[in-house]
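A.B. asks: Below, each chain spelled out in residue letters.
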Amino acid sequence: MYVAVKGGEAAINNAHELLADRRRGDRSLPSVTIGQIIEQLGLAVDRVMAEASLYDRALAALAVRQSRGDLIEAIFLLRAYRTTLPRFGASVPLDTATMKVERRISATYKDLPGGQLLGPTFDYTHRLLDPSLLTDEPVDEPKRKDASDERIMRVSDILAHEGLIEPDGEFPADHLAGDLTREPMEFPMSRDLRLQALARGDEGFLLALGYSTQRGYGRNHPFVGEIRIGEVEVEMEVAELGFAVSLGRIRVTECQMVNQFKGSSKAPPQFTRGYGLVFGQSERKAMSMSLVDRALRAEELGEDITAPAQDEEFVISHSDNVQATGFVEHLKLPHYVDFQAELALVRKMRADIEAARNSGKDLQEAAE
Amino acid sequence: MTDLATYNFAYLDEQTKRMIRRAILKAIAIPGYQVPFASREMPMPYGWGTGGVQVTASIIGPEDVLKVIDQGADDTTNAVSIRAFFQKVANVAVTTHTKDATIIQTRHRIPEQKLAEGQILVYQVPIPEPLRFLEPRETETRKMHALEEYGLMHVKLYEDIAHNGRISKTYAYPVKVAGRYVMDPSPTPKFDNPKMHLSEALQLFGAGREKRIYAVPPYTEVVSLDFEDYPFEIQKFEQPCALCGAEGVYLDEVVLDDKGGRMFVCSDTDHCEERREHGHAGAMLAPSKEAAE
Amino acid sequence: MTDTPLLKVSGVSKFYGSRIGCKGVSFDLWPGEVLAIVGESGSGKTTLLNCLSTRLIPTTGSVEYRMRDGNFRDLYHMGEAERRFLMRTDWGFVHQNPVDGLRMTVSAGANVGERLMAIGDRHYGKIRETASDWLARVEISTDRIDDQPRAFSGGMRQRLQIARNLVTHPRLVFMDEPTGGLDVSVQARLLDLVRGLVNDLGLSAIVVTHDLAVARLLSHRMMVMKDGHVIEHGLTDRVLDDPREPYTQLLVSSILQV
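Chains as they are written, first to last, in this note's numbering: chain A, 1 to 368; chain B, 1 to 293; chain C, 1 to 258.
If you are wondering where the hints come from, they were derived from the structure by calculation, not from laboratory data. Certain hints may be false.
Said to hold, decoys possible - Interface residues of chain B toward chain C, partial, derived using beta-carbon atoms under 7 Å:
1) E140
2) M144
3) Y158
4) A162
5) Y181
6) V223
7) F227
8) E228
9) D229
10) P231
11) I234
12) Q235
Note that beta-carbon positions come from the ideal geometry of N, C-alpha and C, so glycine has one too.
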């Protein structure tokens, strides 16, 4: 006798218990602490903060731990928390020229004021697995330069002196930065919203799109004008005070891509820019973002739109990994009502064909 | 470590609820029109009912009685999960009885029992745009709606007939609302389309990932698209429900063994249970008593 | 022909930055008349065609169209809704590449029937019958009605595109190099067909072509363009047999030498 499936609730509870068990793993091993995640898996924490659009190391580390290291799941956890937070206002634009740089490189100049600073990069490591990391060997203290308050000029400022590069964006002074987490998103978008979407966008997706522009799908002749990583002050205007107060410092990665541009009916020949800015340390993301930002300016600059990376609706509609993972994975929810309808249709169509074939046979037989 | 904030009644903050209610009001004022809204990240994945949950969260009050169904059933895992969510964050009464509910959130079905005035049916919508698979671009589809350019929709139906001899769309079957907007009824089987027409209940549709809300106000015309010589038809089942004997309801096929044995039972579990309580019995229930002897 | 034009074009210019697309073009088009716009590539003829058909909005100038109610309307002051309605009912646009004017993934029947459904026809059988008639008129076997144009040859696709445009009995058709990508023998057949249809239906048409033979065969009047300007304008026979401008003489002689 058939018994209707019951006990969805119990099943869910059991699943959650098992999940908690697997998250903890072997109880004889110490549990990883939030502090350890922040300190030793810092780049994972940075990615979660960047794509969740919430700068909080401890919560991001908690999310990494809770998600068993599934970073998109961690991003999702942090986003679902962020969405419940009140919004007080917008900071004044970050002045990255005042950044305390830890890394700063330019590919367009051999040397430049402020120098090339490699900082903590994987770039010149040989990718050989390091057996010393199997045990907890002591690590030497790094050499540090004396902290100076020297302002390190941006490469874009150097080019701007000669008027060779387009100026910063042209929003009017009273333009309020958009926020796609608070306002309905509509196409076409303004560049501030687009940059916000890219900053939250999936690193892998943007990497692939940026890569595609280099391989000819919307080529835009990029040079890394500058990448800088370091801490920068966040300030906010408080209406009653009439001046900006500091809210603290955050670590960001900024990439200014300088792109060759021959000029068009809309703009004179000059260098144009693609921009990337990401919470924490993520050069790959900042660079990809700046390539895609530049590609998405095709229409503004009067270029032909021929490649996926130049297609605003395509890129922005698919860059969010929380949206993407949700929708892809929703396919595992029950769809049996719709499937039933399809099943009935296919059966009916097959029956029709069968009937038609048989009646054809009858006719043939009758004719014989 | 930051103190995790306590959550507001029904999870969403009041500002957000007001924003969503404004979108709902606009949607009701323009039946079938997709109103963009600033969909929030919700604590369940996109595609799993975030739109419906936001709509429900914005309209639910402490006095409401909530029913949640998925595939017509109250006990499918996602329905259980969403019902538990509202019990936790809004502490509202829940029910499985269609007639007792003030708000019914659904995925893929409309209850068999006729809804009454004062009830609200909230649909979870994955892709709100009925023209999406004909025209992928949002900018273009919005224009098509604005200019009422729906020829393409009929091209699709024409193709179906030309190739299959019938309109082969079985679910998410497009409808025209109040003689103006073409609307996707969400992936409910077309069997349920007639229930939308002149419904006494308010019908709200929430698409979280796609950030759209639309509505069919009570007593609004909802017409399934078709051709004069190929009129819209709903699915018919050859036998009644094996458990409650109901006819003219939507049935799920349940596979009983690996030898082709199967039975058909009500997809609306509440409807089925209620009928059985009232003494109705289908083929599978009646003889099984004898077999047990 | 009546004594009122169908289309009144005055002073249409289109600039791309400082570059001229076309400049100061004025003419009237009469009911039943076929006008050819000829010139080399880059002469501005396609820009002009796009301006006239409102696919591009010119920098200056106006185009007035006589609606079915007899009133003239300035095309550039119409709402988009009205303009799009006009384009799918009273006008046609035949693209050089049929891929741009057809839906390649729906059947030939649906391609022809789309305009009918767009204006409210809801009887499958009648739509199909009309589509079938039109396929026959453009010499496509009606048993291909359920095939997609992907399976059609270039000439068939072009004929299908024409049927798709004419099914609503438009009064004005724009054609952009309609024989452009086709073999010479296929071209001749298509030109014959178009000429027949234009005559039978009393269509007005504006045909852009670089091919003087096409202009000779199809058009009553022609305009010769160079560097965005109309340099010569007159009856087709007169322009081709007795060209006045040195550039036109060059064009005509180069054709004759071939």
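A.B. asks: Hint by hint, say whether it matches the structure.
C.D. replies: Hints, one by one, checked against the model:
1. E140: 12 Å, violated
2. M144: Given a least distance of 10 Å, the restraint on B:M144 is violated.
3. Y158: Holds: closest Cβ of chain C sits about 5 Å from B:Y158, inside 7 Å.
4. A162: 5 Å, holds
5. Y181: This interface hint is violated because 15 Å lies over the 7 Å limit.
6. V223: With a minimum Cβ separation of about 11 Å from chain C (threshold 7 Å), the hint on B:V223 is violated.
7. F227: With Cβ-Cβ at 4 Å, under 7 Å, it holds.
8. E228: OK, holds: B:E228 within 7 Å of chain C, min 5 Å.
9. D229: Cβ of B:D229 sits 5 Å from chain C, so the hint holds.
10. P231: 10 Å, violated
11. I234: At 19 Å from the nearest chain C Cβ, B:I234 fails the 7 Å test, so the hint is violated.
12. Q235: Violated, about 21 Å.
The structure fails to meet hints 1, 2, 5, 6, 10, 11 and 12 from the earlier list, while all remaining hints are met.
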